[in-house]
Amino acid sequence: MPIRLKKLIGMFLLLALVIIYALVASIFAVARLSESGALVQFLFFLLSGLLWVLPAMGIIKWLMLEPRAKR
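Read in order, the letters of the sequence shown correspond to residues 1 to 71 in the UniProt record's numbering.
Rather than coming from a laboratory, the hints here were simulated on the basis of the structure. All C-beta atoms, glycine included, are put in the ideal place defined by N, C-alpha and C. Any given hint might turn out to be false.
To be verified - Derived DEER-like restraints, expressed as beta-carbon distance ranges:
(1) F28 x P2: 31 to 41 Å
(2) P67 x A38: 44 to 54 Å
(3) I3 x V30: 15 to 25 Å
(4) I3 x S36: 39 to 49 Å
(5) A31 x P55: 17 to 27 Å
(6) L50 x P2: 25 to 35 Å
(7) R68 x S34: 48 to 58 Å
(8) L14 x E66: 17 to 27 Å
Given only the sequences and the hints, what does the whole structure look like? Please build it.
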């Protein structure tokens with residue numbers, strides 16, 4: 001796969017990941033945490049704010065892989 005195409009796909013994957021993750025985390029927070037205490041809300045937002053990094057690292061690692069040599 002050409003590197004430019006790979007970077008374009010990676011950019012759209014990261015953008016989709018961030019948008020979908022933010023929507024899901026926000027919907028969950030509004031639906032479940034409205035009656036929770038401040039500590040529970042703080043821990044949720046701390047954890048959910050860091051958790052998106054794991055799938056993003058996988059996408060970035062895929063982007064950094066060297067293309068296979070043609071035979």
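Here is how each hint holds up against the structure:
For the pair F28 and P2, the beta carbons lie near 38 Å from each other, so the given range of 31 to 41 Å is met. Here the CB-CB span from P67 to A38 is close to 49 Å, well matched to the stated 44 to 54 Å. Evaluation of the 15 to 25 Å hint for I3 and V30 yields a failure: the beta carbon distance comes to about 41 Å. The hinted window of 39 to 49 Å between I3 and S36 holds, with their beta carbons roughly 46 Å apart.
Against the hinted window of 17 to 27 Å, the Cβ-Cβ separation of A31 and P55 comes to about 22 Å, which satisfies the hint. At about 33 Å, the beta-carbon gap between L50 and P2 stays in the expected band of 25 to 35 Å. In this structure the supplied range 48 to 58 Å holds for R68 paired with S34, their Cβ-Cβ distance being about 50 Å. Between L14 and E66 the beta carbons are some 20 Å apart, a value that agrees with the proposed interval 17 to 27 Å.
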